[in-house]
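Peer 1: Let the sequences and hints guide you as you build the complete structure.
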Amino acid sequence: MYWDLFMMFIRVGLVSFGGGYAVIPIIQHEVTEKGWLTSAEFQQTVALAGMAPGSIATNAATLVGYRTAGYIGAAVSTAGMILPSLVVIVVLSALFYRLNDNSWLKSSLYGLRPVTTGLIIYAAIHFGYPGENVGINWVWIATLLIGGVCLFLLFKYKLHPLLILIAAGAAGIILF
Amino acid sequence: MPDGKDKGGIKNLKEHFILLIQLFWTFFCIGPSTFGGGYAMLPIIEREVVNKKKWMQEDEIGELISLAGSAPGGVGVNAAAIIGHRKAGIAGAVSAVIGVTCPTFLIVILISAFAILFRNYPKVEAALKGMNGGIIALIIMAAYRTARYSILDTTTAITAIATVAVLLFAGIHPLYLIVSGLICGIAVIRIKKRLGLQVKMEKEAVTGNHPELEYYI
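Protein chains in written order, with this note's numbering: chain A, 671 to 846; chain B, 1362 to 1578.
Think of the hints as simulated: they come from the structure by calculation, not from any bench.
Do not rely on the hints blindly, as some may be mistaken.
Derived, one-sided and incomplete: chain A residues facing chain B with beta-carbon distance under 10 angstroms [stated by the list, open to error]: (1) G690; (2) G705; (3) T708; (4) Q714; (5) T732; (6) L733; (7) S773; (8) G788; (9) A794; (10) C820; (11) A841; (12) I844.
The C-beta atom is built at its ideal place from N, Cα and C for all residues, glycine as well.
Peer 2: Here it is in structure tokens:
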């Protein structure tokens, strides 16, 4: 179990280009396929991950590990998530002066970045989608409503993400 | 780069150890101050590492940011790894990364434990459902911010749209998309260059010396 978690997050960590939100679909794909968490449980997990400081990807790894296999699960998941970037960084850092203007690196990032953007857009759609068997209901409409208002606040007033989450939580208590 | 100092002598070994502790502690203190993670951490790292500790020169920061941003993983963790590696080699990188991760790890565990404890209270459940809406907004904002420097031309725009479409309708593992994006990027640039087309591969404005506070990556 621990080994499975560790290897899974090694895999995720290795491709976590752009960090944060882009890896949410990848983690979701893995944990729901393995039956570790349901889609709804995973979404709760991400909401909690957003409340803590630090990278949302690493936090999500910690939480998924904790919910599936307790404290040790959390530790091995976090380690798995961080280890690949640590190795890549040490290697790149040692070679950096030669890599700085490397056209291979730049052209792979050219293709990688739009895919990252696509992954993040997909994550947003997935979070806003109520699920196959659920029709249009009040919870769904209210969730989208909260999302819309939060987005407006983010764009217009550049509110801090933590404030947004607290406000959304308060709105949830009132609406649901 | 490690600074190539001789680490053989007993005195140097002691200095090395003290440096490792310093790296750990500095990043341990930076860790929790960065709600939203990622780029929000960079100005604080800059203040601590350049101004206070004098571990790096001001002009090295731009380099640090571009390297931290192009490697996989969170920008904050990557920056810690780079600085640790420069100062004290692999051991330095490890201790800086553990330092930056520890506080968040503990906070996440704490939040999770509370959430599980109070999970069955209807008010907590309602708050979590409401936060789902907030998360949607944060993700859309992240997508918008990322798009600003990843969508440079028609090819990149099509790539982003195709990624969403494939994820929605084909159920392919996202890993494959990342790998194919990487290969496509290299291929497209090669082909375009062969055809004699000019390709802009990066947006210059983004990799400035002082990035604006970006919470979302």
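Peer 1: State for each hint whether it applies.
Peer 2: Results for each hint:
Interface hint at A:G690: satisfied, since its Cβ lies 5 angstroms from the closest Cβ of chain B, which is below the 10 angstroms cut-off. Taking 10 angstroms as the C-beta contact cut-off toward chain B, the hint placing A:G705 at the interface is violated, the least distance being around 16 angstroms. Taking 10 angstroms as the C-beta cut-off, the interface hint given for A:T708 is violated, the closest approach to chain B being about 14 angstroms. Taken as an interface hint, A:Q714 checks out: its beta carbon lies about 5 angstroms from the nearest beta carbon of chain B, inside 10 angstroms.
A least Cβ separation of about 4 angstroms between A:T732 and chain B falls short of the 10 angstroms threshold, and the interface hint therefore holds. A distance limit of 10 angstroms between C-beta atoms decides the matter here; for A:L733 the minimum to chain B is near 5 angstroms, and the interface restraint holds. At about 7 angstroms, the closest approach between the beta carbon of A:S773 and any beta carbon in chain B falls short of 10 angstroms, and the interface hint on this residue holds. The beta carbon of A:G788 is positioned within 10 angstroms of a beta carbon in chain B (closest approach about 3 angstroms), and the interface hint is therefore held.
At about 4 angstroms, the closest approach between the beta carbon of A:A794 and any beta carbon in chain B falls short of 10 angstroms, and the interface hint on this residue holds. The interface hint given for A:C820 is met, as the beta carbon of that residue sits about 3 angstroms from the closest beta carbon of chain B, less than 10 angstroms. For A:A841, the suggested interface contact is upheld, since its CB lies about 5 angstroms from the closest CB of chain B, less than 10 angstroms. Interface restraint check: A:I844 against chain B, minimum CB-CB distance 8 angstroms, threshold 10 angstroms, status holds.
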